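Trainee: Please put together the full structure from these sequences, using the hints given.
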Amino acid sequence: MAENYDSQNIQLKSEPMSVTRRAFSVANPDLLLRSASPSTYLVDGEWLSFQTTNRKLVRASDVTTPDAVGARMSFPMWGETGRTDTLGLSGRKVPVLYLGSFVLDTKMFSASVVAGANGAAITAIGQRVKVATITLNGRNFSGLVGMGAVGTDNDLAVGYVEELPTNNGGYLRIRGGLFG
Amino acid sequence: MQSDSTSANQQFNAVFVQRLDDPGMTTKIAMATGGYIRDHLRENAWVRGIIEPQRATREDCQVSVNHDTLVKIVELEPKSRAVSLTFRAQPDAEYIQGKRAELPFVTISSLIYQKTEQELMAYTMPITEIIENNIGTDLQEIEDREFTLFCESAVQAMQAEANGVTTPPVLNSTALQGVTPPREFSIIKGELARQEPTPSATVLSVQRRDLKNLFKLFPNKRLRCKKFVITDQDFEDFLGWTQTDNGDKVQSETTVEGWKYETVLGRTFVRTIKSDILRPGNIYAFTDEQFLGRFYILNDVKFYIDKQANTISFQGWQDVGMLLANIASVKKLELYSGDASPNDDDSLIEEFTPVDEEELGAQNHRVDKGLKYPQVETW
Chain A
1 MAENYDSQNI QLKSEPMSVT RRAFSVANPD LLLRSASPST YLVDGEWLSF
51 QTTNRKLVRA SDVTTPDAVG ARMSFPMWGE TGRTDTLGLS GRKVPVLYLG
101 SFVLDTKMFS ASVVAGANGA AITAIGQRVK VATITLNGRN FSGLVGMGAV
151 GTDNDLAVGY VEELPTNNGG YLRIRGGLFG
Chain B
181 MQSDSTSANQ QFNAVFVQRL DDPGMTTKIA MATGGYIRDH LRENAWVRGI
231 IEPQRATRED CQVSVNHDTL VKIVELEPKS RAVSLTFRAQ PDAEYIQGKR
281 AELPFVTISS LIYQKTEQEL MAYTMPITEI IENNIGTDLQ EIEDREFTLF
331 CESAVQAMQA EANGVTTPPV LNSTALQGVT PPREFSIIKG ELARQEPTPS
381 ATVLSVQRRD LKNLFKLFPN KRLRCKKFVI TDQDFEDFLG WTQTDNGDKV
431 QSETTVEGWK YETVLGRTFV RTIKSDILRP GNIYAFTDEQ FLGRFYILND
481 VKFYIDKQAN TISFQGWQDV GMLLANIASV KKLELYSGDA SPNDDDSLIE
531 EFTPVDEEEL GAQNHRVDKG LKYPQVETW
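Each protein sequence line maps, in turn, to chains A and B.
Going by this note's numbering, the first sequence opens with residue 1, and the numbers climb by one from there.
Going by this note's numbering, the second sequence opens with residue 181, and the numbers climb by one from there.
These aren't lab readings, by the way, just hints derived from the structure by calculation.
One or more of the hints may lead you astray.
[Said to hold, decoys possible] Capping the alpha-carbon separation at 20 Å, the derived lysine to any residue pairs in SDA-like fashion look like this: (1) Lys-396(B) - Thr-443(B); (2) Lys-56(A) - Gln-423(B); (3) Lys-56(A) - Ser-25(A); (4) Lys-56(A) - Val-535(B); (5) Lys-487(B) - Ser-18(A).
Predicted model only: the values in this text are computed from it and were never measured.
Mentor: This is how it looks when you write it as C-alpha cells:
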C-alpha cells in the first residue's frame with residue numbers, strides 16, 4: 001500500500017515547550033480545504049515562508065516546479081490538514097515551529113533529489129538540509145532535500161540530519177530551527 | 181509625598197511578586213485601581229448579545245481520526261412541506277435526511293505578558309492586575325472580530341446566490357444607479373448612500389427608512405428580524421431623527437435624555453464602541469438565535485501565572501466555538517456608497533472591514549511621542 005502523506009507527517013522529538021510555536025494565516029485559505037484544492041492542499045510537515053509583502057504564509061518552494069529550492073526563511077507546518085481549530089478561524093491560521101531549535105522526524109523529504117546548483121542526496125548524519133519541491137506519490141510538496149558540502153552549496157540551510165531514514169522507520173530526523 | 185493609593189499599589193506589586201514566590205499561591209489582593217489614566221473604554225462581546233453562549237463539554241464533541249481537534253455536531257431543521265390531493269391520490273414519499281454542520285472549537289488567547297520583578301517595582305499602578313482585568317475583554321474582542329467576519333461572509337454568499345453569480349456583485353452607488361443594478365438581497369445601501377454620485381468611504385447618517393428597509397430583507401426567506409448591532413457612532417444618528425420620525429413624545433425625551441429605549445422600530449439592538457471591529461457604517465441585523473447559529477464555550481477563561489527566577493509571566497485563554505449556520509438569518513445595512521464586496525471595486529475595503537488582530541487594542545494616547553500637555557521632560 002502506498003504511503004499516506006495526508007496527515008501526521010512530522011513528529012516532534014524534542015520538548016514542545018522549548019520551541020516557540022506561532023499561528024499565522026495562509027495567503028490562500030483554500031489550500032487548507034481538500035475539497036477546494038484536491039491536488040494541492042497543504043499537509044503537515046511542509047515548509048512555509050512569509051510572503052514578501054506581509055506575514056501570510058505560502059509554500060517555501062514553488063511546487064509547480066520540481067526541485068525548486070526555497071530561498072527565504074521558512075518554518076515547518078506543525079498541524080495536520082483538516083484541523084478544525086485551523087478551519088474554524090476566519091483567518092485560517094496554521095501553527096508553525098517559529099523560533100528556537102527542535103528535533104523532529106519527518107516524512108516530507110526526498111533522499112535522492114539533488115536540488116539547486118550544488119545539492120546532494122541525503123546520505124550522512126550531520127549533513128545539512130534545505131527546502132525544495134519534492135514529489136511523493138505523484139504530488140508535489142515543499143519538503144527537505146540534501147545539501148552539498150559547506151562552501152559549495154550556498155542555499156539556505158534549515159537543519160542538519162540527525163538520523164537517516166533507513167535507521168529511523170522511514171522518517172528523516174533533523175535538528176532544525178536555524179537559518180543560513 | 182506619595183498618596184495612600186500609590187503606596188498601596190506599590191505594596192500590591194511587591195506582594196504580587198512575593199506571593200508568586202510561594203508555591204501554589206495565586207490569591208490576588210483586591211485593590212483600589214485609581215491613580216492611573218485609562219486609555220479607552222472596554223466592553224463585553226456584542227456577539228454574546230446576539231447568540232447567548234452555552235456550555236459544551238468533551239462529551240458533546242466529536243474527534244477526528246486524523247488529528248486531535250474537537251467539533252460539536254449541530255443539527256439543522258429538516259425540510260418538510262405539504263401537498264394538496266384528491267380523495268384517491270397519495271402524496272409523494274420522501275426519505276428523511278437531516279443536515280448537520282460542524283461547530284469547530286478554537287483557542288482565543290492573550291499575549292504572554294512578562295516582566296522582571298525589579299522593574300515591576302517601578303510602577304505605582306497595579307499593572308499586572310490591570311492587564312489581568314483587561315484580558316477578559318481582550319479575548320472577547322476576538323470573539324466579536326471572528327463573528328463579524330463570519331457575518332460578512334454570510335451576507336456576501338447570499339448576495340452572490342441571489343444574483344446568480346459565484347462572486348458577489350459590486351455594490352456601490354454607481355452600480356445601484358446603473359441600468360442593471362445588482363439585487364440587494366442580503367445587503368442594502370442606505371438611502372443617502374445610494375444617491376451619492378461618487379462611491380466613497382464617507383459614512384452617512386442612518387435614516388429611519390434605512391432600518392425599515394433592512395428589516396424588510398428578512399421576510400422573503402420566511403424569517404423575521406429580532407435584533408441588530410450598531411456602532412456608537414451610527415447610534416448617535418438616532419438623535420438626529422426629526423419629529424416626523426419620532427413623534428412629539430420621543431422627540432422631547434431624546435432631546436433631553438438621549439435614546440433611552442432598548443428597541444428601535446420594535447427590534448432590540450446591541451451598541452458597540454468597538455468601531456475598529458464593527459466599522460461605522462455597517463449595521464448587521466439578525467433573527468432570533470434559534471434560526472441563526474450557536475456559540476459554545478468549551479473551556480472558560482483560564483489564567484496561567486508563573487515566576488522563573490526574577491521574571492514573571494502570565495497569560496489568559498479560552499476555548500470557544502461559533503457557528504453561523506443559517507446564512508439567511510443575517511442581513512447588512514451599509515451607510516456608505518463605496519463597494520465592500522470582495523471585488524473591492526473602489527479600493528476602500530479596509531475602511532469597511534475589521535482591522536487586523538495585530539491592530540486591535542491600539543492606543544489613543546500619544547505620550548510616547550511627547551503629545552501631552554503641558555509638555556514636560558524630566559531626566
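Trainee: Go through the numbered hints given earlier and state which of them the structure violates, listing their numbers in rising order.
Mentor: 2
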